[in-house]
Amino acid sequence: MTRVITVASGKGGVGKTTITANLGVALATYGEETIVLDADVAMANLELILGMEGKSVTLHDVLSGAAAIEDAIYEGPGGVKVVPAGISLEGLRKIKMDRLESALEVLVENADILLIDAPAGLEKDALAAIAAAQEMILVTTPEVPSISDALKTKIIANKLGVDIIGVVINREQHDKTFLTITEIETILEVPVIAVIPDDPEVSRAAAFGEPLIIKNPKSPTSNAIMQLGADLIGEEYQPIEPDKKGVIAKLVEGLLGRR
Amino acid sequence: MSRFIAFASGKGGVGRTSLTFNLGVALALFGEEIVMLDLDLVMANLDVITGLLNPDVTLHDVLVRDKSIDECVYEVNQGIRVVPTGIHFETLKHINPNYISWNKIMNEISDYGDMFLMDLPAGINANVFEGLPENTEAILVTQSTMPSVADALKIRILFNELNIKISGFVLNMWYDDKFLLSENEIESILEVPMIGLIPYDREVERSMALGRSIVEVNPSSPTSNAVMQLAADLLGKEYDPIEPNKDGIVGRIKKFVGLLPE
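From first to last, the protein sequence lines stand for chains A and B.
Numbered per my numbering, the first sequence spans residues 1 to 259.
Numbered per my numbering, the second sequence spans residues 1 to 262.
Keep in mind that the hints were calculated from the coordinates and are not lab data.
Each residue gets a CB set at the ideal place from its N, CA and C atoms; glycine is no exception.
The reader is advised that the hints may include incorrect statements.
[Claimed, not checked] Calculated lysine to any residue pairs in the SDA-like style (CA-CA distance at most 20 Å, straight line):
| id | chain 1 | residue 1 | chain 2 | residue 2 |
| --- | --- | --- | --- | --- |
| 1 | A | K176 | B | P55 |
| 2 | B | K154 | A | D61 |
| 3 | A | K124 | B | M106 |
| 4 | B | K178 | A | P200 |
| 5 | A | K245 | A | S219 |
| 6 | B | K165 | B | G211 |
| 7 | A | K81 | A | R93 |
| 8 | A | K244 | A | G234 |
| 9 | A | K81 | A | V106 |
| 10 | B | K178 | B | I164 |
| 11 | A | K152 | B | N135 |
| 12 | B | K93 | A | L160 |
| 13 | B | K165 | B | R202 |
| 14 | A | K215 | A | K96 |
| 15 | A | K159 | B | L52 |
| 16 | A | K124 | A | I156 |
| 17 | A | K218 | A | V190 |
| 18 | B | K93 | B | E134 |
| 19 | B | K178 | A | A128 |
| 20 | A | K124 | B | R65 |
| 21 | B | K154 | B | I124 |
| 22 | A | K96 | A | A128 |
| 23 | A | K94 | B | K165 |
| 24 | B | K237 | B | G113 |
| 25 | A | K124 | B | N96 |
| 26 | A | K218 | A | R204 |
| 27 | A | K96 | B | L52 |
| 28 | B | K178 | A | K218 |
| 29 | A | K124 | B | I166 |
| 30 | A | K94 | B | P55 |
| 31 | A | K55 | A | G31 |
| 32 | B | K154 | A | G254 |
| 33 | A | K176 | B | V217 |
| 34 | B | K67 | B | L52 |
| 35 | B | K178 | A | D61 |
| 36 | B | K178 | A | K81 |
| 37 | B | K154 | A | M52 |
[What the hints assert, rightly or not] Covered stretches of chain A (chain B as the covering partner; in silico rule of three or more C-beta atoms under 8 Å from a C-beta of chain B):
| id | stretch |
| --- | --- |
| 38 | 55-68 |
| 39 | 78-86 |
| 40 | 96-107 |
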């Protein structure tokens with residue numbers, strides 16, 4: 001049975017697309033047949049982050065009735081399958097969101113996990129992306145505006161009968177001015193399932209069109225996303241971390257001689 | 001005559017609302033009567049940022065409950081007036097965006113100040129774009145990342161079609177990184193001039209968490225100087241950045257090490 005999970009945030013710019021892209025790659029590396037769909041038809045960024053812009057057939061073409069969804073599926077980094085939204089304004093004008101449902105049916109048949117990158121806001125296209133899935137991951141930063149918008153999204157998702165897996169706190173920077181994990185859990189009334197540290201490398205990786213999880217798998221951010229992927233499918237993950245004990249032992253040995 | 005300045009970004013999270021707020025405070029410090037309007041009917045944040053939590057009457061009530069606009073004009077720090085949008089979307093369900101008369105709202109509001117800063121929603125679906133006052137000057141807000149410039153470009157194209165005048169773009173939350181787009185590259189993509197470059201500073205978010213503007217909390221920071229400079233340029237005024245007197249410091253050091261006579 002295919003799991004359809006929407007990644008949504010409410011507020012824009014909290015890292016929703018970055019998390020979707022990297023989580024998709026993470027799930028693919030665990031051997032799950034994963035498709036990532038960019039449902040942000042107006043402000044599509046997934047293809048830019050994955051370095052897959054300029055594909056000839058995109059979701060725009062599918063939603064305008066000009067192409068079949070099968071032709072809009074591309075192989076991305078780490079074996080993840082990607083359906084880009086298309087970035088042209090012209091393409092956007094011709095689409096009909098009600099064509100999304102039949103496209104989704106095809107995607108579901110071809111994947112173990114379908115990750116949907118939802119648009120920010122709660123306009124028609126955002127609601128379509130939220131309603132399309134059975135499960136949702138909420139993404140927020142620890143700031144009040146972002147949490148308040150996440151709460152709105154949660155309320156809508158509940159009304160649509162979508163099961164909320166939990167909230168991912170993105171760009172955490174250990175700053176007491178902002179909200180803590182416990183405070184966020186209290187406000188949103190959903191469990192925190194991952195805390196992703198703030199990392200300027202994320203923007204730099206995007207500039208290369210390469211997801212961070214592949215560009216720098218040892219970074220704390222990549223580890224946190226790999227862990228999230230593992231938790232979602234009940235796998236074990238051993239974080240890539242420096243072997244501090246080994247280094248200390250060697251240092252002591254070098255200084256004091258073998259004992 | 002009233003000036004209407006609209007802030008648009010396409011992509012969310014590029015600091016559009018914070019820039020609107022900080023620039024509003026900066027303009028007020030230059031003596032302007034400022035009104036800030038949150039035109040994002042769904043994901044409104046200006047009320048949260050200005051510390052106006054749970055105001056009695058919001059733009060939502062004007063739109064569905066026939067409240068008059070003068071009931072939802074609130075004064076915050078520096079004498080700035082704010083027209084918040086509600087955050088309860090129970091109300092939102094009753095709003096049909098196709099029936100909003102933005103012209104009427106803008107007409108009524110124009111009695112409340114000389115400069116109106118309008119925080120536009122992210123995305124390109126909003127019908128508010130078509131209801132902007134005729135003399136609106138739009139400012140695009142972007143960061144130096146490709147996704148945010150791409151989305152700003154969409155807004156630029158859309159605004160050209162709608163005959164909305166664009167004064168230029170503000171490169172926001174900027175930090176020096178040659179992997180990201182440079183100001184010249186962004187200028188050549190967007191084909192509008194850069195009118196401000198605001199360095200990234202975590203203090204902006206920290207000040208806002210306290211309901212304050214960076215230009216009040218730390219007026220000598222590079223970010224505050226850049227915001228004040230942008231405000232001055234918009235008004236055609238002069239601004240002298242608050243910077244340490246380096247000549248004085250160099251002189252003192254030289255004197256200290258005995259290079260200069262007493």
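Structure-based check of all given hints:
no.	hint	verdict
1	A:K176 to B:P55	violated, 26 Å
2	B:K154 to A:D61	holds, 18 Å
3	A:K124 to B:M106	violated, 26 Å
4	B:K178 to A:P200	holds, 13 Å
5	A:K245 to A:S219	holds, 19 Å
6	B:K165 to B:G211	violated, 32 Å
7	A:K81 to A:R93	violated, 26 Å
8	A:K244 to A:G234	violated, 28 Å
9	A:K81 to A:V106	holds, 13 Å
10	B:K178 to B:I164	violated, 32 Å
11	A:K152 to B:N135	violated, 34 Å
12	B:K93 to A:L160	holds, 14 Å
13	B:K165 to B:R202	violated, 32 Å
14	A:K215 to A:K96	violated, 36 Å
15	A:K159 to B:L52	violated, 28 Å
16	A:K124 to A:I156	holds, 12 Å
17	A:K218 to A:V190	violated, 29 Å
18	B:K93 to B:E134	violated, 29 Å
19	B:K178 to A:A128	violated, 38 Å
20	A:K124 to B:R65	violated, 24 Å
21	B:K154 to B:I124	holds, 8 Å
22	A:K96 to A:A128	holds, 11 Å
23	A:K94 to B:K165	violated, 26 Å
24	B:K237 to B:G113	holds, 19 Å
25	A:K124 to B:N96	holds, 13 Å
26	A:K218 to A:R204	holds, 16 Å
27	A:K96 to B:L52	violated, 39 Å
28	B:K178 to A:K218	violated, 23 Å
29	A:K124 to B:I166	violated, 28 Å
30	A:K94 to B:P55	violated, 40 Å
31	A:K55 to A:G31	violated, 25 Å
32	B:K154 to A:G254	violated, 61 Å
33	A:K176 to B:V217	holds, 17 Å
34	B:K67 to B:L52	holds, 19 Å
35	B:K178 to A:D61	violated, 35 Å
36	B:K178 to A:K81	violated, 30 Å
37	B:K154 to A:M52	holds, 19 Å
38	55-68	violated (count 0)
39	78-86	violated (count 0)
40	96-107	violated (count 0)
Violated hints for the displayed structure, listed by number in ascending order: 1, 3, 6, 7, 8, 10, 11, 13, 14, 15, 17, 18, 19, 20, 23, 27, 28, 29, 30, 31, 32, 35, 36, 38, 39 and 40.
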